[in-house]
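Novice: Residues per chain, in single letters:
Number of protein chains: 2
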Amino acid sequence: MNIILSRDSQVRVMEDTVTNAEKSFGQFCSLLAAYTRKTARLRDTADQLVKQLISFANTENPEMRATLRNFAEDLAKVQDYRQAEVERLETKVVNPLKLYGMQIKQTRAEIKKFKSIRNNEIKQLKKLEKLRQKSPSDRQTIAETSMQRASVDASRTSHQLEETVDTFQKQKLKDIQKIFSDFVTIEMVFHAKAVEVYSSAFQTLESYDLEKDLEDFRAKMHRVYGRCDARPALMDTTLSPALPWSLAQSSQSTIQSQRKEAVSEDDSAEEDPVEDLRGQAQRLHQ
Amino acid sequence: MNIILSRDSQVRVMEDTVTNAEKSFGQFCSLLAAYTRKTARLRDTADQLVKQLISFANTENPEMRATLRNFAEDLAKVQDYRQAEVERLETKVVNPLKLYGMQIKQTRAEIKKFKSIRNNEIKQLKKLEKLRQKSPSDRQTIAETSMQRASVDASRTSHQLEETVDTFQKQKLKDIQKIFSDFVTIEMVFHAKAVEVYSSAFQTLESYDLEKDLEDFRAKMHRVYGRCDARPALMDTTLSPALPWSLAQSSQSTIQSQRKEAVSEDDSAEEDPVEDLRGQAQRLHQ
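Same order as they appear, the protein sequences are chains A and B. FYI, in this note's numbering the residues of the first sequence are 1 to 286. FYI, in this note's numbering the residues of the second sequence are 1 to 286.
Check the hints yourself; a few may be wrong.
Copies of one chain are not kept apart here, so a pair can be met inside one copy or by any two copies together.
As the list claims (entries may be wrong) - Pairs of lysine-lysine, DSS-like flavour, derived with a Cα cap of 25 Å:
{"#": "1", "residue 1": "LYS115", "residue 2": "LYS220"}
{"#": "2", "residue 1": "LYS220", "residue 2": "LYS112"}
{"#": "3", "residue 1": "LYS212", "residue 2": "LYS170"}
{"#": "4", "residue 1": "LYS77", "residue 2": "LYS92"}
{"#": "5", "residue 1": "LYS113", "residue 2": "LYS123"}
{"#": "6", "residue 1": "LYS178", "residue 2": "LYS98"}
{"#": "7", "residue 1": "LYS193", "residue 2": "LYS38"}
{"#": "8", "residue 1": "LYS178", "residue 2": "LYS38"}
{"#": "9", "residue 1": "LYS174", "residue 2": "LYS212"}
{"#": "10", "residue 1": "LYS178", "residue 2": "LYS77"}
{"#": "11", "residue 1": "LYS51", "residue 2": "LYS23"}
{"#": "12", "residue 1": "LYS178", "residue 2": "LYS220"}
{"#": "13", "residue 1": "LYS220", "residue 2": "LYS170"}
{"#": "14", "residue 1": "LYS178", "residue 2": "LYS212"}
{"#": "15", "residue 1": "LYS170", "residue 2": "LYS112"}
{"#": "16", "residue 1": "LYS113", "residue 2": "LYS220"}
{"#": "17", "residue 1": "LYS51", "residue 2": "LYS174"}
{"#": "18", "residue 1": "LYS98", "residue 2": "LYS51"}
{"#": "19", "residue 1": "LYS193", "residue 2": "LYS178"}
Hints listed in this document are in silico derivations from the structure and should not be mistaken for laboratory results.
Generate coordinates for the entire structure from the input sequences, incorporating the hints supplied.
Specialist: Pasting the structure below:
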């Protein structure tokens, strides 16, 4: 009978194994689902950053525009890899953990079934034991044979139970290894791709030519000046059109009264001051 | 006068440059702060996963326990690097963007100041222009000289304005390059470290010995059985103590009536069936 008693402890250990696995895997499942969700949110924020970079790039001069667009493209690429990471985590980590939850329920049901069968078998054994003790000696052998048969049945059930839990444990250990190996592989691939893309992004940002961009900016500033001169109607209505050219020249030629008669509004006359100012600005900021 | 008019357009371009920068950098700042925050949340979730792994490891057999603890350690290491990433993003990306916002306000104030000075100077010029036109010819030269002086002042102010915006633009372009280069470097370092740590974690999980662990599990199952037999009081009170040993033996020896007299409860007598069962279980699950 002791082996049957001991099997009760074993069943308890088995049930504990399954209960613990159910609880732990449930928590692993929600934590890894949360991890996946938060990764997706990080991707969303980075996607917004990409959009903002492109929109800002469009307001910048060609050099910075190209730099920011390339950088935005690289950042978008990292998010594509992050998206792949999210999808893989769902498929190879979160979903298997969900399936695992169902498998555990099934194992639990099997254990319950075997336990119930075994309990009936033990009851039967107790009955037979009483019968054997009460039987006259000539019938004891028959009673013992019945008991032995019943005991074989109980043992077989115990074995089936043991096999169920053994199979469960083996599957559990395999699944833990598989799921976390997959997690690590997915993460590793993502991080490796990110390193690759960011290396290229770093090159992009490093090769940005600030001076060229500043030249463009200064030219733009002075093109505005040029354009305004070509179309003097901008705010002229509010001011006297008879104001002498000397006013315009004074920025480089302090007081050059000898040039005050040279009132000219044609574009070519302004090429020099633009160039001068540009040179001046460059010197100022070098 | 046209150069002064044109400077109004220039001022508009300058103001647009500053306004656009203020808006864009504001958005970059909140997006990168959000990115940092979401990275911190990902770290928190992974930290919980680390805790759960350790707590689950403690319920497992030595082989899986060691594997999961090593894996948890590696996962924790990645979170340490993520923490460093979060801190660096705050220090080298988000904070400079915040400072940049203050710098923009300062530039805006300077532009406002210069604009106001310039407007006064232009008013002054208009007054002088009227004066010059009304003046008798002998006093026109004096009026013109005053005008030229006023015009020089206005040009100087315009220049200061231009320099302010030029400095601002240069700083802006430098800051964009610096901030995003820092962002890329921080990310790159984190991802590279993650690849390194996950590679080691992958090795840990790959070297896990499932069979060794299953042996431990099976031994544990049967140690429970052994322990129960050594302390037969567990549930014996409810059952007849006179039940023959044959019941316990029947699991391996179907019907061995010749052994039914060998009622024995000493531990040594059970060594064989334990070994037998263990061997049986191993065969079943190999």
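Novice: Check LYS178 against LYS220 for me: Cα-Cα at most 25 Å, and say if that holds within a copy, between copies, both or neither.
Specialist: Result: close only across copies, 24 Å inter versus 60 Å intra.
Novice: With 25 Å as the alpha-carbon cut-off, assign the pair LYS170 and LYS112 to within, between, both or neither.
Specialist: Answer is within; shortest intra-copy Cα gap is 19 Å, inter-copy 76 Å.
Novice: With identical chains, the pair LYS212 and LYS170 could be close in the same copy or across copies; at 25 Å between alpha carbons, which is it: within, between, both, or neither?
Specialist: between (66 Å within a copy, 11 Å between copies)
Novice: As a check of your reading, is LYS178 near LYS38 (CA-CA no more than 25 Å) within one copy, between copies, both or neither?
Specialist: Only inside one copy: LYS178 and LYS38 sit 23 Å apart there, 28 Å across copies, limit 25 Å.
Novice: Between copies, within a copy, both or neither: which fits LYS115 and LYS220 at Cα up to 25 Å?
Specialist: Between copies only: 20 Å across, 86 Å inside.
Novice: First find the shortest C-alpha distance between LYS51 and LYS23 inside one copy, then the shortest across copies, and answer within, between, both or neither for a cut-off of 25 Å.
Specialist: Answer is between; shortest inter-copy Cα gap is 14 Å, intra-copy 42 Å.
Novice: My question is about LYS178 and LYS212: at a cut-off of 25 Å on alpha-carbon distance, are they close within one copy, between copies, both, or neither?
Specialist: Close across copies (17 Å), not inside one copy (54 Å); limit 25 Å.
Novice: Can you tell me if LYS220 and LYS170 fall within 25 Å by alpha carbon in one copy, between copies, both or neither?
Specialist: between (72 Å within a copy, 14 Å between copies)
Novice: Between LYS178 and LYS98, at a C-alpha cutoff of 25 Å, which is it: within one copy, between copies, both, or neither?
Specialist: within (14 Å within a copy, 45 Å between copies)
Novice: When Cα atoms must be at most 25 Å apart, do LYS77 and LYS92 count as within-copy, between-copy, both, or neither?
Specialist: Both: 22 Å inside a chain and 23 Å across chains, each within 25 Å.
Novice: Within a copy, between copies, both or neither: where do LYS113 and LYS123 come within 25 Å Cα-Cα?
Specialist: within (16 Å within a copy, 100 Å between copies)
Novice: Up to 25 Å between alpha-carbons, please classify LYS193 paired with LYS38: within, between, both or neither.
Specialist: both (19 Å within a copy, 20 Å between copies)
Checked against the numbered hints given earlier, the structure satisfies every one of them.
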